[in-house]
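Two chains, two separate frames, one set of hints: put the complex together.
Protein sequence lines correspond, in order, to chains A and B.
Our numbering puts the first residue of the first sequence at 1, with every later residue one more than the last.
Our numbering puts the first residue of the second sequence at 1, with every later residue one more than the last.
Careful: at least some of the hints might be erroneous.
As the list claims (entries may be wrong) - Short derived list, chain B residues pointing at chain A, Cβ under 7 Å:
| no. | residue |
| --- | --- |
| 1 | Ala63 |
| 2 | Ala66 |
| 3 | Gly77 |
| 4 | Pro81 |
| 5 | Met84 |
| 6 | Pro93 |
| 7 | Phe95 |
| 8 | Gly99 |
| 9 | Tyr100 |
| 10 | Ile107 |
| 11 | Gly110 |
| 12 | Thr401 |
Unchecked claim - Simulated pairs of lysine to any residue, SDA-like, Cα-Cα distance not exceeding 20 Å:
| no. | chain 1 | residue 1 | chain 2 | residue 2 |
| --- | --- | --- | --- | --- |
| 13 | B | Lys280 | B | Ile232 |
| 14 | B | Lys280 | B | Asp252 |
| 15 | A | Lys326 | B | Asp117 |
| 16 | B | Lys234 | B | Phe287 |
| 17 | A | Lys326 | B | Ala123 |
| 18 | B | Lys280 | B | Arg255 |
| 19 | A | Lys326 | A | Val265 |
| 20 | B | Lys280 | B | Ala258 |
| 21 | B | Lys234 | B | Lys280 |
| 22 | A | Lys326 | B | Arg118 |
| 23 | B | Lys234 | B | Ala254 |
| 24 | B | Lys280 | B | Asp230 |
| 25 | A | Lys326 | B | Trp116 |
| 26 | B | Lys234 | B | Val281 |
| 27 | A | Lys326 | B | Leu119 |
Everything labelled a hint here was simulated from the structure, so no lab data went into it.
Using N, Cα and C, we set each Cβ at its ideal position, and we do this for glycine too.
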Amino acid sequence: MTPAVIMAALVVLGLIAYGVLAGADFGGGILDALARGPRRDAQRDAISHAMGPVWEANHVWLIFVIVLLFTGFPRAFYALGAALFVPFHLALAGITLRGGAFVFRAYGPRESASLRVWGRVFGIASVLTPVLLGTCLGAVSSGRVRVRADDELMAGADAWHSPFALVIGLFALSLCAYLAAVFLTVETDGELRDDFRRHALGIGTVVVALSAALIPWVFVAAPHLGAGLLSPRALPVLLVGAVAALASGYGLYRRRFTLARAATVVQVACLLGGWALAQYPFLIYPDVSLVGAAAPSATLNAVLVTIPPGLALLLPALWWLFRVFKSTR
Amino acid sequence: MNPLLAARAQMEVSLAFHMVFAAIGIGLPLLMVLAEAIGLRTGDARWRTLARRQARVTAVLFAIGAVSGTALSFELGLLWPRFMRLAGPVVGPTFALEGYAFFLEAIFLGLYLYGWDRLSPRAHLLAGAGVAVTGMLSGAFVVAVNAWMQCPPPSSLVTLDPWATFRSAAWINMAVHSTLSCYVSVGFAVAGAAAWSLLRKRPGDWHRPALSLSLSMASVAAVLQLASGDRIAKMVAVTQPVKLAAMEAHFDTARGAAIALGGLVDQDAAVLHGAVTVPKVLSVLAFGDPDATVRGLNDFPRDLWPRVAIVHTAFDVMVSAGTFLVALSAAWWIWRFRTRAAPEAPVPVWLLRALVFAAPLGFIALEAGWLVTEAGRQPWTIQGVLRTADAATRSPHAVVTFATFSALYVFLGAVVVGMLRYLARTPVKSSEPQP
Ligand code: HDD
Ligand code: HEM
Ligand code: HEM
Numbered sequence: 001m002t003p004a005v006i007m008a009a010l011v012v013l014g015l016i017a018y019g020v021l022a023g024a025d026f027g028g029g030i031l032d033a034l035a036r037g038p039r040r041d042a043q044r045d046a047i048s049h050a051m052g053p054v055w056e057a058n059h060v061w062l063i064f065v066i067v068l069l070f071t072g073f074p075r076a077f078y079a080l081g082a083a084l085f086v087p088f089h090l091a092l093a094g095i096t097l098r099g100g101a102f103v104f105r106a107y108g109p110r111e112s113a114s115l116r117v118w119g120r121v122f123g124i125a126s127v128l129t130p131v132l133l134g135t136c137l138g139a140v141s142s143g144r145v146r147v148r149a150d151d152e153l154m155a156g157a158d159a160w161h162s163p164f165a166l167v168i169g170l171f172a173l174s175l176c177a178y179l180a181a182v183f184l185t186v187e188t189d190g191e192l193r194d195d196f197r198r199h200a201l202g203i204g205t206v207v208v209a210l211s212a213a214l215i216p217w218v219f220v221a222a223p224h225l226g227a228g229l230l231s232p233r234a235l236p237v238l239l240v241g242a243v244a245a246l247a248s249g250y251g252l253y254r255r256r257f258t259l260a261r262a263a264t265v266v267q268v269a270c271l272l273g274g275w276a277l278a279q280y281p282f283l284i285y286p287d288v289s290l291v292g293a294a295a296p297s298a299t300l301n302a303v304l305v306t307i308p309p310g311l312a313l314l315l316p317a318l319w320w321l322f323r324v325f326k327s328t329r
Numbered sequence: 001m002n003p004l005l006a007a008r009a010q011m012e013v014s015l016a017f018h019m020v021f022a023a024i025g026i027g028l029p030l031l032m033v034l035a036e037a038i039g040l041r042t043g044d045a046r047w048r049t050l051a052r053r054q055a056r057v058t059a060v061l062f063a064i065g066a067v068s069g070t071a072l073s074f075e076l077g078l079l080w081p082r083f084m085r086l087a088g089p090v091v092g093p094t095f096a097l098e099g100y101a102f103f104l105e106a107i108f109l110g111l112y113l114y115g116w117d118r119l120s121p122r123a124h125l126l127a128g129a130g131v132a133v134t135g136m137l138s139g140a141f142v143v144a145v146n147a148w149m150q151c152p153p154p155s156s157l158v159t160l161d162p163w164a165t166f167r168s169a170a171w172i173n174m175a176v177h178s179t180l181s182c183y184v185s186v187g188f189a190v191a192g193a194a195a196w197s198l199l200r201k202r203p204g205d206w207h208r209p210a211l212s213l214s215l216s217m218a219s220v221a222a223v224l225q226l227a228s229g230d231r232i233a234k235m236v237a238v239t240q241p242v243k244l245a246a247m248e249a250h251f252d253t254a255r256g257a258a259i260a261l262g263g264l265v266d267q268d269a270a271v272l273h274g275a276v277t278v279p280k281v282l283s284v285l286a287f288g289d290p291d292a293t294v295r296g297l298n299d300f301p302r303d304l305w306p307r308v309a310i311v312h313t314a315f316d317v318m319v320s321a322g323t324f325l326v327a328l329s330a331a332w333w334i335w336r337f338r339t340r341a342a343p344e345a346p347v348p349v350w351l352l353r354a355l356v357f358a359a360p361l362g363f364i365a366l367e368a369g370w371l372v373t374e375a376g377r378q379p380w381t382i383q384g385v386l387r388t389a390d391a392a393t394r395s396p397h398a399v400v401t402f403a404t405f406s407a408l409y410v411f412l413g414a415v416v417v418g419m420l421r422y423l424a425r426t427p428v429k430s431s432e433p434q435p
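Same shape as in the complex, but just chain B (with noise of 0.2 Å):
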């Protein structure tokens, strides 16, 4: 392994585990304090549980999200100098910026984490407000710095604008889609559990209320990313359209193109074998005209191709995710309309089954989506500018740092995973958190 492909992989490594956190810190905080919210409106202690419960899990995972993303915020430099050099004046600002915003979170979830007793009803909830909207915040702020590395503005690295990460075409579609990914994923991971725990016929009295929740958040969240990831495939057809035609394996230029789902990819021969295709739908997605003309990989030059084969298949699998988690929101509203269930009647269990299998597929989807982008964008780290092979450290080092991160992540998220079990079946002492 040379040291080109191990900072790669390191990065991936280190972006796939700190994303699953970022996730869980943008969405669960909303999910807490609107818990939190309901309970101070009714005055119903479950509420309350369900809401001391998220923060013990939010506690915990925020931890490991500020340890990853700060080990990235190192990575960035070590292990692609060149990149951080030539861009650092242009995208070091955002980073400020994001700074700010991690710095108001952290402040506001040690309040809210340890206030439950020393801050009023009030204050609590108006701090863990203010966990939830500074997550979303840095993402937003983060993500600018990627739309940017997906499509800088014309010359923006020659007059070195510090504010040309929100200027790139990327960056307003990009952030939202990423933020409603982060409500979609929490939202159904939240519910699938509850879920697990009323089939299980051993439920705590917070799993139905969770269910309700959640799954009003991630049903809206869904349907509007739907229409979000639309916008966002049409604006990748006009600034990256190597991009779009690997994520669709769409090798021959045509007019009124096909669309192509699944099958596998021969690179080499430049052919796609054994997908379900459906004519004309590809110049709808992408440029919203049955007739249209979508370019095909051929018509660029082979060093600019990504690795089809990885873009295709993680295109397809957070579009069939995305359509899932679509369907099954709908299939959740139109029983309650349909039964007029009351807001705590038992939900039927081909239904809770459905959302258990659905649990882990917004966070399939979620890193299904970064592939795309980031694996897509090859052979570039800055589209056009900056290739990624220009862009990695020389160190020698890299494979051994490679490895040790990997197996550290691999340990942490097992922990996590134990962690999470050890939660779930523990009450929340009056006293906590009191090591």
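Bound-form chain A, shown alone (with noise of 0.2 Å):
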């Protein structure tokens, strides 16, 4: 492997963590807007209460796949610069009043009023920031983006926004929904469980049918995708990622919500992971690619060599986290 390659696998290894980790928390502002009924409350509370003490840190996967991506592949940081100039702005602008919105709403007055408003700013960016972001990579992968040798855009500024992609925002934000409500499941229980069990169990079947939609789909609007997801670089991957969806589902209807849970993180993982290495050697399919795009390799190598140490520190601090918070019942 090289420099490229592993760093590369580091960008996707931080886009799953993202995706898995905040992308509940999205799921959670996602449900926080959809909740309903006598326990209205209650479940909005459970919400506030499992993202409290981890959204910031699950949140700095996104800074760290982002300061990847500029150092190892400049170019093609550049070139999706120009490409998604809009849509990263405006999913800058949800992150940021979602973020307000969380800490605003938790430390604020009491009072009904204000924390209507928040309430609301914060569903509101919650369901469509992961939009924004699902249609960055269908945009990424839809082959629309064209790039000079140069690196100058020629083509793919509206990518974002054609149908193919915006499906692909929609599938992220199910997605996202799903594993939040999955994830609740393991941090409630009573009443409060069944509620998270019977909202996880239709939004599994919301991303069941947009997947029976997307994959024709690919095939049409983007055939080079269909036939890397083929290939057998990432054909094993999904179809562990297809067992693991299977698995979630079977232990979320027979409530053995750990099990679940681990599943579902496998299927996310290896969703994420699939597309990715169906684009593979690509970066923006088809003028950009892992090779071309890369830095020289004493900046890889200086980026490799931070990783052993900085995981040293961190993953002690993270497993310290997640035991003190996240170890339920």
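Pasting the structure below:
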């Protein structure tokens, strides 16, 4: 493996961590907006209780992805900045409002008016942001973003709002909500747990329906991606993901909630990993390849040598955080 | 407005906004753990109240700092794509180090804020210390990137040395100066808020301890700040002579140059009207020698001049504020020693009023200082290497994003002020935070 490939793998791992952890946080906001019925407030409390201690840490994975991307693949970052100028800005506005709304609601006045306003902002931003980030992934793999040899953008500044990209955005949204609902079944009990289980089963159906629509569509809208998904690199990973998806549904159904949680994590990880393997060796199909966009090896190596000591500090701290707040029952 | 102007304006707004919260994220955790540590030692419950109140404020402000910082890391590439493509390989690894520091900071903060009842007192204090240390480190790392832009070691873009940021002559000086500025600005802001409550005669029992503690931190930092500012000015005189000349609105090269305070700059005519001048002081400040020659702006082509009025005024604002804060620190300690005041003695009204007046000065100096540094570097993004005009995005949407983000930050800023006022008047709930 060359340093560039290792770096790309790290970007994907960061993306998976962000997808699973921050995805569940976004999903929490979506469920918050969907909360209904007699236990509405209890549901919302459970959600902010689960998010409170960890959302800042979960959010840093995105910063890692961005930093690794511009460090390791400056030319790709350059093209993406032009192609995704608008959706990135919109997503940033969403991230900003969401973080603000979360703390304002958590620490602000308990009067219902202010709670309602910030709850609304939190819900809307939690829905829009994952859709936007999903459309960015969709645009990158649609093949419509075209880049000249000097890295200038030729076409594709509109690729993020093509129907294909938008459906990928919706798919990302439903996955986030599913993750959150499944995670919350582990962190609650009694009737609240039943509520989240019901949510999870409902949203899981949406996820399945959207995948059923997306699979044939990929072959029409982005044939290269379709071929990549069927390649021997990606297919096994995707199959594992599909099995995991079944296991997670089964776990929910049979109330084996920790099994469902583990399976859902595997499902999302395989999905993102499989997508990345299908893209390989391109960062932006068909003009920007991993090797072509990579930074000089001195830079790549400099980042890679920081990883072991960095993880040696991070992993114990993360373990401490999750042990204190997530070791439930 | 063309994309270049819009990009510059958006970067200015975003950084100026982020900087306030970043400084609080560095300064406030230190006060918070100091208060908690004193509380643990003395068993005096007021310190714990103080720490919990400061933790609550930290939670809100840190979140705003985190999201505005995330926006910045995207904006670097969105607004300055050519800068990032060229410099990414050099500055990227430093940002990666900063990423680890952020990560640890966010983890420790989660443990601290939500762990009051779940961690042992010692572990809790340790988590708080972790926040303070990693916050300071993340600031020092990101400033290394900026230092490299001010003063890139020769050939670092040829060899693409991934650690060139830490070899920039400016790094240590800037890291020390900007870290101190966080302690100064947060310290005086907290002291001013406490003084305000004491003046209104409805103080909580934690206000007097808050005043002593924050002033102890801020006064030490303010004195060091003065010394560090002097060092940094001497460095700029050598590494960025145009910037130094702009800071002082110094147009004509002179031996034994006078310092000019205030005044109106006429950039086209290259004159400064109505300034107060003190002979020889500029030569001393810049080179430590009353007869040294200080080069003036007229020695350099006009297209290499920054906007002199802005740089000069901002520099005067920073230095006046810094000098005032040092004087105020001195007044505080003189009062304490002269009256041999007990740590809890009532503070005279004139001193409290001066402290209220000083509350925003640290932040004003901090923003002004960054304006000196960044506007003074123009027209360069990387001094001597890459011009800002060449670094900027060409996106036609930049005007819209600038307007939108400015509105967003004004709105968030207003809400944050409202939140702080609300937090100041409500007690800490024992179960907090429990939305
Ligand atoms: C509380 C804030 C504060 C205070 C009281 C001062 N400064 Fe400052 N100054 C800053 C906060 C700051 C800063 C954090 O905003 C800067 C911007 C870049 C940096 O490293 O620190 C800065 C930059 C900065 C620069 C430009 C460095 C460059 O362009 O690379 C100089 C020459 C000084 N300072 C000098 C001084 C002097 C002589 C002071 C005397 C009182 C002073 N500062 C007080
Ligand atoms: C272009 C410049 C900058 C970028 C791209 C940037 C980026 C970021 C990012 C991504 C975060 C969020 C981290 C998290 O989620 O915890 C952040 C927060 C922070 N930044 Fe910045 N930053 C910049 C300038 C600065 C400067 C100049 C300083 C200090 C001198 C600074 C100090 C901090 C600190 C201490 C935090 C922690 C969060 C907080 O306390 O609010 N940053 N920054
Ligand atoms: C945190 C405090 C900072 C503040 C308040 C600040 C302020 C500014 C301002 C006012 C400008 C616009 C200059 C002008 O148009 O006249 C600017 C530009 C810029 N700054 Fe900084 N800056 C800070 C730190 C940083 C850091 C740490 C970095 C790098 C990592 C950075 C990177 C840039 C870039 C790339 C530009 C655009 C190019 C330029 O106009 O020079 N800044 N900044």
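Tested hints:
1. Annotation: interface hint on Ala63(B) holds; nearest CB of chain A at approximately 4 Å, less than 7 Å.
2. Restraint check, Ala66(B) versus chain A: the minimum CB separation of about 6 Å is within 7 Å; hint holds.
3. Taking 7 Å as the C-beta contact cut-off toward chain A, the hint placing Gly77(B) at the interface holds, the least distance being around 4 Å.
4. Interface hint status for Pro81(B): upheld, as the beta-carbon distance to the closest one in chain A is roughly 5 Å, under 7 Å.
5. With a least beta-carbon distance of about 5 Å to chain A, the hint placing Met84(B) at the interface is held under the 7 Å criterion.
6. Restraint check, Pro93(B) versus chain A: the minimum CB separation of about 4 Å is within 7 Å; hint holds.
7. Using the Cβ-Cβ criterion of 7 Å, the hint placing Phe95(B) at the interface with chain A is satisfied: the shortest such distance is roughly 5 Å.
8. For Gly99(B), the shortest C-beta to C-beta distance to chain A is roughly 5 Å, which falls under 7 Å, so the interface hint holds.
9. A cut of 7 Å between beta carbons decides the hint on Tyr100(B): the least distance to chain A is about 4 Å, and the hint holds.
10. With 7 Å as the threshold, the beta carbon of Ile107(B) comes within range of chain A, its nearest partner Cβ sitting at about 5 Å, so the hint holds.
11. At its closest, the beta carbon of Gly110(B) sits 4 Å from a beta carbon of chain A; the interface hint therefore holds under the 7 Å criterion.
12. For the restraint placing Thr401(B) at the interface with chain A, the shortest Cβ-Cβ distance is roughly 5 Å, inside the 7 Å limit, so the hint holds.
13. Among the hinted pairs, Lys280(B) with Ile232(B) is consistent with the structure: their alpha-carbon atoms are about 19 Å apart, no more than 20 Å.
14. With a CA separation close to 14 Å, the supplied pair Lys280(B) and Asp252(B) stays within the 20 Å bound.
15. As the CA atoms of Lys326(A) and Asp117(B) are separated by approximately 15 Å, the hinted pair is consistent with the 20 Å bound.
16. Between Lys234(B) and Phe287(B) the alpha-carbon distance is near 6 Å, which keeps this suggested pair within the 20 Å criterion.
17. Between Lys326(A) and Ala123(B) the alpha-carbon distance is near 18 Å, which keeps this suggested pair within the 20 Å criterion.
18. Distance restraint check for Lys280(B) and Arg255(B): the Cα-Cα separation of roughly 8 Å lies within the 20 Å cut-off, and the hinted pair is therefore satisfied.
19. Distance hint between Lys326(A) and Val265(A) is fulfilled; the C-alpha atoms sit about 15 Å from each other, no more than 20 Å.
20. The hinted pair formed by Lys280(B) and Ala258(B) meets the criterion: a straight-line CA distance of about 5 Å does not exceed 20 Å.
21. Between Lys234(B) and Lys280(B) the alpha-carbon distance is near 15 Å, which keeps this suggested pair within the 20 Å criterion.
22. Of the pairs offered as hints, the one joining Lys326(A) and Arg118(B) holds, with about 12 Å between alpha carbons and a cut-off of 20 Å not exceeded.
23. Taken as a hint, the Lys234(B) and Ala254(B) pair is honoured in the structure, with Cα atoms around 17 Å apart against an allowance of 20 Å.
24. As the CA atoms of Lys280(B) and Asp230(B) are separated by approximately 16 Å, the hinted pair is consistent with the 20 Å bound.
25. Simply put, Lys326(A) and Trp116(B) have alpha-carbon atoms about 16 Å apart, close enough for the 20 Å limit, and the pair holds.
26. Restraint check for Lys234(B) and Val281(B): satisfied, since their Cα atoms lie roughly 13 Å apart, inside the 20 Å limit.
27. At most 20 Å may separate the alpha-carbon atoms for a hinted pair to count; Lys326(A) and Leu119(B) meet this at roughly 14 Å.
Checked against the numbered hints given earlier, the structure satisfies every one of them.
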